[in-house]
Amino acid sequence: MSNVYTYRIEKDKLAVSVRLKGGENVHGFIFVQPSVYRHLGREEPVDVFNSPEPFLPLVTNDGDTLLVAKDQVMEAWPVDETEADELRRTSARSVILEITLVDGAIRTGAVLLEMPSDRARPLDFLNQHTDRFLTLFADDAIHLVNMRCIERVRPLD
525 MSNVYTYRIE KDKLAVSVRL KGGENVHGFI FVQPSVYRHL GREEPVDVFN
575 SPEPFLPLVT NDGDTLLVAK DQVMEAWPVD ETEADELRRT SARSVILEIT
625 LVDGAIRTGA VLLEMPSDRA RPLDFLNQHT DRFLTLFADD AIHLVNMRCI
675 ERVRPLD
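Numbered according to the numbering used here, the sequence shown spans residues 525 to 681.
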């Protein structure tokens with residue numbers, strides 16, 4: 525066995541599409557670890573997109589490997605719902621939001637207000653959300669929306 529594979533970390537491949545600030549949609553795969561220390565189960569796309577590293581590798585459907593700057597990603601989808609998401613959705617208060625991105629695209633879906641009950645307004649949530657990407661539970665898919673690409677939000681509840 526070659527030394528190259530001695531320290532190889534096994535990863536799972538997940539299909540994802542990303543929309544870049546320039547308007548391009550890139551369809552391909554990201555790689556996640558089968559287990560992580562932050563929570564039970566495998567690493568999820570939200571973990572990859574919200575990790576502090578500024579770039580992530582994405583293998584396109586054509587087999588090209590791109591190193592994508594996370595700050596240039598407006599949104600990523602579809603993200604599979606996990607068991608943890610299901611538990612969070614049943615236990616956390618959710619609110620339906622209409623999110624307008626800087627390019628005029630509109631996304632509508634639920635966000636989970638996992639905050640103290642006295643600070644459970646959408647405004648409080650958005651102002652205290654420190655992750656790069658927001659998880660939006662839309663009808664068509666779970667979207668990861670770049671907080672820096674949001675122009676405005678309209679609560680629908």
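No wet-lab data here; the hints were simulated from the structure.
Treat the hints with care, as some may be off.
[As the list claims (entries may be wrong)] In silico DSS-like cross-links for lysine-lysine, where the CA-CA straight-line distance does not exceed 27 Å: (1) K545 / K594; (2) K535 / K594; (3) K537 / K594.
Of the numbered hints stated previously, which ones are contradicted by the structure, given in increasing order?
none
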